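Asks: The working numbering puts the first residue of the sequence shown at 1, with every later residue one more than the last.
Don't read these hints as lab results, they were simulated from the structure.
As the structure is a computational prediction, the values presented were derived from the model and not from experiment.
Below, a list of computed lysine to aspartate or glutamate pairs in the DMTMM-like style, where the Cα atoms sit at most 20 Å apart: (1) K43 - E131; (2) K43 - E54; (3) K43 - D95; (4) K43 - E114; (5) K43 - E133.
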Amino acid sequence: MAGPKILSALLLAALSTFNASAGPIEQRQACVATCGSICYWQKSVDEAVDAGYELHQAGETVGNNDYPHAFNNREGFDFAVAGPYQEFPMLNTFDPYTGGPPGPDRVVFNTAGEYAGAITHTGAGGNNFVECE
Numbered sequence: 001m002a003g004p005k006i007l008s009a010l011l012l013a014a015l016s017t018f019n020a021s022a023g024p025i026e027q028r029q030a031c032v033a034t035c036g037s038i039c040y041w042q043k044s045v046d047e048a049v050d051a052g053y054e055l056h057q058a059g060e061t062v063g064n065n066d067y068p069h070a071f072n073n074r075e076g077f078d079f080a081v082a083g084p085y086q087e088f089p090m091l092n093t094f095d096p097y098t099g100g101p102p103g104p105d106r107v108v109f110n111t112a113g114e115y116a117g118a119i120t121h122t123g124a125g126g127n128n129f130v131e132c133e
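Throw the hints in and build the complete structure from the sequences for me.
Replies: Laid out in structure tokens, this is it:
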């Protein structure tokens with residue numbers, strides 16, 4: 001049977017080899033918006049704002065509801081940036097919206113392309129919105 005010193009040396013050598021071959025530790029992203037039960041990371045929010053703003057600047061829309069389109073803020077959300085606002089779908093597939101069913105979640109941005117907030121039909125009555133957490 002091998003002595004404790006030999007086992008310690010073998011364990012240390014094995015751990016050293018393992019750590020040397022392991023890649024950098026990635027920091028787990030946190031939800032920046034939770035709409036219903038869907039957690040959106042910053043990347044998904046940024047991509048939705050960017051896609052919507054690019055279309056807005058080009059004067060183009062996608063989908064049957066012509067996104068992006070004006071968001072009139074009838075619910076009275078207190079956004080950190082001034083309007084006027086546009087809304088654009090944010091999909092739970094985390095892909096940029098290009099048409100088809102928009103799902104319940106939206107990003108809101110102003111006409112300068114600044115992110116205002118995330119809203120959802122999930123948990124709201126009728127065709128209203130509630131703010132995502």
